[in-house]
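Asks: This is what each chain is made of:
2 protein chains.
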Amino acid sequence: MEKVLASIITIGDELLIGQTVDTNSAWIAQRLNAMGIWVHRRVAVGDQRDAIWKALDDECALSSIVLVTGGLGPTADDITKPLLAEYFGGKLVVDERVLAHVQYLFEKVFRRPGPMLERNLKQAEVPDVCTVLFNRIGTAPGMWFERNGTVVVSMPGVPAEMKGLMTDEVLPRLQQHFKTPIIAHRTVFTIGMGESMIAERLTGFEAGLPDTVKLAYLPHFGTVRLRLTATGEGQDIDGLFATLCALVKDITVVAEDISLEAYIGRLLLEKGKTLATAESCTGGMLAEMLTSIPGSSRYFLGSVVSYSTSVKETLLGVDASGGVYNEATVTQMVKGVLEQIPADYAIATSGIVGPDGGSEETPVGTVWVAVGTKTRISAKVFHFRWDRGINTQLAAMNALNNLRLFVLEN
Amino acid sequence: MEKVLASIITIGDELLIGQTVDTNSAWIAQRLNAMGIWVHRRVAVGDQRDAIWKALDDECALSSIVLVTGGLGPTADDITKPLLAEYFGGKLVVDERVLAHVQYLFEKVFRRPGPMLERNLKQAEVPDVCTVLFNRIGTAPGMWFERNGTVVVSMPGVPAEMKGLMTDEVLPRLQQHFKTPIIAHRTVFTIGMGESMIAERLTGFEAGLPDTVKLAYLPHFGTVRLRLTATGEGQDIDGLFATLCALVKDITVVAEDISLEAYIGRLLLEKGKTLATAESCTGGMLAEMLTSIPGSSRYFLGSVVSYSTSVKETLLGVDASGGVYNEATVTQMVKGVLEQIPADYAIATSGIVGPDGGSEETPVGTVWVAVGTKTRISAKVFHFRWDRGINTQLAAMNALNNLRLFVLEN
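Chains as they are written, first to last, in our numbering: chain A, 1 to 410; chain B, 1 to 410.
Wrong hints could be hidden among the right ones.
Heads up, the list lumps identical chains together, so a pair's fine if it works in one copy or across two of them.
Straight-line C-alpha distance at most 30 angstroms; calculated DSSO-like pairs for lysine-lysine [claimed, not checked]: (1) Lys214 x Lys122; (2) Lys249 x Lys122; (3) Lys271 x Lys91; (4) Lys214 x Lys54; (5) Lys214 x Lys3; (6) Lys179 x Lys249; (7) Lys374 x Lys3.
Since the hints were made in silico from the structure, they are not lab data. In this text, all values refer to a predicted model and were calculated from it rather than measured experimentally.
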């Protein structure tokens, strides 16, 4: 069975000038991949006729599926829709269902006073050579074109609108349209060992893999996901995965593709325990990561972000006379926050993430982390070498991992 | 003067399978753009020989500068370096300076016990047809190739390493190598009006712009940046920008390209005032946004993330008998956090960001925000219609904007 290949084209000067980070492509690729469609190219071009036309020509020649996002907004810098009409040999006509939906959104949802703008009415125009895909939450519809066996789908670039269209319309239609091969993934999530050390350990395993099974290393802030991908049928991916898991047992968090914060949530729910955080250098990032998980209110009670020394002293009872970047401070922060918030476990962080504030004894990148309960607390120091953003992420990730180990042992 | 065109090629299955979001490209594009180099295409391909080779062929034909990131790690799924040697007609040889640096990193920085791994030593190999670019913080060097007037630079995909190489080596060399045209940007940051309404207001202005000046709309969680870009010399961009600013005066935050959290930091520093937050539905995101700014400890004291109702009651003195999604709760949260943390201003949030937890009277997306001082508090309710992540971002952004307006008025 042949592989079904897809390309993603993203349109918009804002992507090329670097003012927007493209998160859509990763989301789309994940969904297609799960269906056995392989995204082999992603191309970004600006709001320019020639560049868009060439990208369509190129990708239609290389792929059976071309998904286009962006370039459909109501403002004048968007030129994609008339270009698609011309490219596929049609003309723009008003779609009555889309028009009614745009009017509904303006009157009932956005509650805009006064008559609709001409440029918003224009959003109800579609090329007469496409199948219109209904966009529940926005004014710009999706458009499905077919030519010479290739499917081209155009969607707005707003992430929520693109995701709604993909889920409601595009993915089910692609599933019907293409016979896709089976692609299976198995992922094990590790922490505490670098990519090269793991690779050294897995040299023999990797050399023995059949051609149709690939091993990938996916590092992310001190964690590494090991992913096996098998294409086609008849692979013993589960047997290979069991071997892989046995080889990395000592550094495994869980044999699943899951985030550390989601895993910790599950662990706390299973044990019926609750958590609080006392954050200095992570500045609320731990709380934000933990509460990004739906349902986290069942185990996460809250946080004291004690960014200033005075808040550490008054609210958490820290004795800061010996400085705040040390074991005593984070230990007192754990105790202090458990006095204020009646959780079973707490995490505390204090350190210098940069760019300034370091000293000879305590250089930038020094971070103390403590985890524990009212009666037992374990502290550890880390030395990170990167910029403010990465040092903060590494501090948060290592703090969550220390909590994981503590909860498993206590 | 001719425009200098650049392409970015990102290599790695992890980008195509959607396991990693590409943040490098946006950073690179920003830096090149500021120098007058226009990134007109970005292409992502997997760790596959044919795909990489074709991408090099295509982009070298279209651009004077081709920047390649990724595919240089120490693990077996990285095939880029031998391919580049072959592509440019060279062979791999050990570079003594890189070798010494790799050894230094392993012994002194990573402090790995035991001898270095063969695969790490291999990172000191480079094609003998390139200029080696020194990577301060990582083991994989950058490589600069030239052929037929096109410059191809290969860098590792790890963001901190890529950024270091670009800043230290690639940008200064590109500046020397190419005569670049002048590209000027002027950005005004607005809040409180949608993209289409602004565009309607600016129809006449936009129609009157010369061909060499473009206006772009960059929406981001309830804010819109309006960016004028002029190419070439002799444009009165400052005059046009002054006209634009006058047209959007009522919705302007500041006539600069700056984040809302950075702007608020500057405002507080100017006034010599401090800030605390009391967060329920934003779950620490406000604190995290505020502390992401270097130097924020001069005005941000801390936060109480009162995710559970009991923490709202005990730590912030909220009377939750009438529920927690209302004006009384957020008003009491502002008062309560200012009792605990001696700041001048506070922000409080409480609401339902989803996906569950809504009711008939208080549907998902209802968020109350209060801002104020000990003596004067202003509260407002919002109704967001998106998913958990976006609703939380919108809540945080609107809360910061309400604080901005309050501080300017009080």
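Asks: Against each hint, give a clear statement of whether it holds in the structure.
Replies: Outcome of the hint check:
no.: 1; hint: Lys214 x Lys122; result: between (48 angstroms within a copy, 22 angstroms between copies)
no.: 2; hint: Lys249 x Lys122; result: between (58 angstroms within a copy, 28 angstroms between copies)
no.: 3; hint: Lys271 x Lys91; result: neither (61 angstroms within a copy, 57 angstroms between copies)
no.: 4; hint: Lys214 x Lys54; result: between (33 angstroms within a copy, 22 angstroms between copies)
no.: 5; hint: Lys214 x Lys3; result: within (15 angstroms within a copy, 42 angstroms between copies)
no.: 6; hint: Lys179 x Lys249; result: neither (37 angstroms within a copy, 55 angstroms between copies)
no.: 7; hint: Lys374 x Lys3; result: neither (56 angstroms within a copy, 65 angstroms between copies)
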